[in-house]
Amino acid sequence: MKYKSVFDIIGPVMIGPSSSHTAGAARIGRVARDLFGRKPSYAHISFYGSFAKTYRGHGTDVAIVGGILDFDTFDTRIVDALSLAKEQNIEIKMTEEDAVTDHPNTARIVLGDENGKIELVGISIGGGKIEITELNGFDLQLSGEHPALLIVHNDRYGAIAGVANVLAKHQINIGHMRVSRKEKGQEALMIIEVDQNVDPVLVEEIEALPIVQQVVKINE
Amino acid sequence: MFRNVAELVELAEAKNCKISDIMIEQEMEITGRTRDEIVSQMDRNLKVMEEAVERGITQDVKSHSGLTGGDAILLQNYMKSGKSLSGEFMMDAVSKAIATNEVNAAMGTICATPTAGSAGVVPGVLFALREKLNPSREQMIAFLFASGAFGFVVANNASISGAAGGCQAEVGSATGMAAAAVVELAGGTPSQSAEAMAIALKNMLGLVCDPVAGLVEVPCVKRNAMGASNAIVAADMALAGIKSKIPCDEVIDAMYKIGQTMPTALKETAQGGLAATPTGRELEAKIFGIALNKK
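Chains A and B, in that order, are what the protein sequence lines are. So for the first sequence, the numbering used here puts the first residue at 85; every next one is plus one. So for the second sequence, the numbering used here puts the first residue at 36; every next one is plus one.
In isolation and in its complexed conformation, chain A is listed as follows (with noise of 0.2 Å):
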C-alpha cells in the first residue's frame, strides 16, 4: 500500500497549483535539504518526463526551490523562492532531461558547497506524495513520512546486527529498512524508517560504530 493515510488523500495543504508538480517537488527539495544538513552554496536540478515538460507552468521550479530553502508545501514564500535563493547566495542551475525515466514525475538534485555534495532522485507519484529513489548512487525507496536513518557503511558481516542493537537498546522500533551495496564488499547504504524520533545521542553512539562511515537522519 502505497499511501495508508487518509490525509494522503484529504491533504497535503498546500500553496497551488498542482500536489504532484508542486507540492510534491517541494517535499523532495526539502528531503534533499535535510539529507545536505546545511544550507547549499549550489543546487543542480535536473527534470525528466512531465517534470521536463511542465516545470515552469507548474510552479516546479519555484517549489523544489522553495523545498531546498527548508520551506514546507503550505508556506507561501515558496512563491518567491528563486529570488530569495538568489539573496541568500545559493546558486541555481536547471536543466530539462530527455532521458526516459521510470516515473514520469522525476527530479535529480545535486545540493553542495565547499565541504561536500550530495545527489538525489526523486519522484512525485501524486496527490503530493513522493518517494526518494536514489541516493549518491544508491538504489532505495523513501516515502519522506516516517523519520529515517540513512547509514553508510561497509559492506561486511555484522554491521546490521550492530546498528540494530542500538535500535533495540534505545527502544526504537524498525518500520521498513533495507540494505544495498554497489559491489560486494565496498560501501554499502542501510535504509530504516522508524516509528517515532531518534534521539542524537542514537545517531552519536550508531556513528562510533567502527564499521560505519555516516549515519545521516531524516524526516523528523
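Simulated from the structure, these hints should not be mistaken for laboratory data. Keep in mind that this is a model prediction, so the values were computed, not measured. Treat each hint with caution, since some may be false.
Label-pair ranges, simulated between beta-carbon atoms [as the list claims (entries may be wrong)]:
id: 1; chain 1: B; residue 1: D71; chain 2: A; residue 2: V184; range: 46 to 54 Å
id: 2; chain 1: A; residue 1: D182; chain 2: B; residue 2: T93; range: 41 to 49 Å
id: 3; chain 1: B; residue 1: R316; chain 2: A; residue 2: H260; range: 26 to 34 Å
id: 4; chain 1: A; residue 1: G221; chain 2: B; residue 2: F323; range: 52 to 60 Å
id: 5; chain 1: B; residue 1: G222; chain 2: A; residue 2: D182; range: 48 to 56 Å
Below 16 Å or equal to it, Euclidean Cα-Cα: the simulated EDC-like pairs (lysine to aspartate or glutamate) are [claimed, not checked]:
id: 6; chain 1: A; residue 1: K123; chain 2: A; residue 2: E203
id: 7; chain 1: A; residue 1: K88; chain 2: A; residue 2: E215
id: 8; chain 1: A; residue 1: K88; chain 2: B; residue 2: E60
id: 9; chain 1: A; residue 1: K123; chain 2: A; residue 2: E175
id: 10; chain 1: B; residue 1: K167; chain 2: B; residue 2: D271
id: 11; chain 1: A; residue 1: K88; chain 2: B; residue 2: D271
Calculated Cβ distances over 10 Å to all of chain B for the following chain A residues [what the hints assert, rightly or not]:
id: 12; residue: V90
id: 13; residue: F91
id: 14; residue: Q172
id: 15; residue: I176
id: 16; residue: I202
id: 17; residue: N220
id: 18; residue: G221
id: 19; residue: P231
id: 20; residue: Q270
id: 21; residue: N281
id: 22; residue: D283
id: 23; residue: P294
Here a beta-carbon is modelled for each residue, glycine too, at the ideal position from N, C-alpha and C.
Got chain A sorted already, so can you dock chain B onto it with the hints?
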C-alpha cells in the same frame, strides 16, 4: 484494513456504521493517534477548503498567466439572479468547485482532494450541501473522511496522478469520492455510496490530462465544475436505487488500465489534446514569451 471498495462496504455493514467511521478507525490503527487528533487535523483541512471557497467567490482572483479567474463570481451572480436552468444547488456546487481551483491556479492555499488540480470537486459539493442540508461541523468532517476512504482505495489500486493515469485519475477520482460522500451525508447506505462512486467514475473514464501550456488552469478549472455536477447526479441516481452493472472495484481497475494504455502525450505533458490545439499553442507561446521577456 480495507484494500478495496467491497471490503470497505462489508466492514461498514458488519459493524453497522458509516464509511467515515471505518476510515477514522483505520487511521487511528495505522498512525496510533487518537480520534481527537485525527478529527482535528481534518477540521483544519476543512477550514483551508472553506477559506479557499470563500476567497474564490468573493475576491477577484486571477492567475499569473491570466488564463483563469473570476468565473466563480460570475456563476454566483448568475445563480442569485434566479435564472439558472440547472438550479441553485447545482450552480452553488459548480461555482464553489471553480472558486477552489481558481485560487489554486493563482498559487493560493488549498487542500489537495486528492490532488491540487482536482481540489475543487469535493469542497465544491460539500459547501453547496452546507446550504442545502445544513449539516453539523461533525457531519462535514465525516464527509471528508468518507471521500478520503474511497480515494484511498483508488490511490492504492489505481492512481490519482494525471501524469500516470490522465485526468480520469484526478478529477475522475475526486468525482467518485464526492459522489460516495454525498450519499453518506444524505442518509444513504454504504453500498449506495459504492454505487454512486462507480456511476460517477464510469462517466469520467478515458478523460485525458491535456493542460494548455502545462498550467493547471485550462481545462482543469472547468473540469472540476463538471466533476462537481457529475458527483451530485451520480449520488442522486444511487439514492434513487440505481445500481452500477459493473461493480465499483472493477470500474477502478478499468480506470487504472485505461491510464496505463493512454499515450504519454495525453498524460500531463502538454503535448496533446487541448494543449496541442492552435489556440492552446498560441496561448502557450504568449504566456511563456511574456515570462521569458521578464527574465
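Hint by hint, here is what the structure shows:
no. : hint                        : verdict
1   : D71/B - V184/A: 46 to 54 Å  : holds (47 Å)
2   : D182/A - T93/B: 41 to 49 Å  : holds (45 Å)
3   : R316/B - H260/A: 26 to 34 Å : violated (46 Å)
4   : G221/A - F323/B: 52 to 60 Å : violated (35 Å)
5   : G222/B - D182/A: 48 to 56 Å : holds (54 Å)
6   : K123/A - E203/A             : holds (15 Å)
7   : K88/A - E215/A              : holds (14 Å)
8   : K88/A - E60/B               : holds (13 Å)
9   : K123/A - E175/A             : holds (11 Å)
10  : K167/B - D271/B             : holds (14 Å)
11  : K88/A - D271/B              : violated (30 Å)
12  : V90                         : violated (4 Å)
13  : F91                         : violated (6 Å)
14  : Q172                        : holds (19 Å)
15  : I176                        : holds (13 Å)
16  : I202                        : holds (26 Å)
17  : N220                        : holds (26 Å)
18  : G221                        : holds (26 Å)
19  : P231                        : holds (14 Å)
20  : Q270                        : holds (35 Å)
21  : N281                        : holds (14 Å)
22  : D283                        : holds (19 Å)
23  : P294                        : holds (35 Å)
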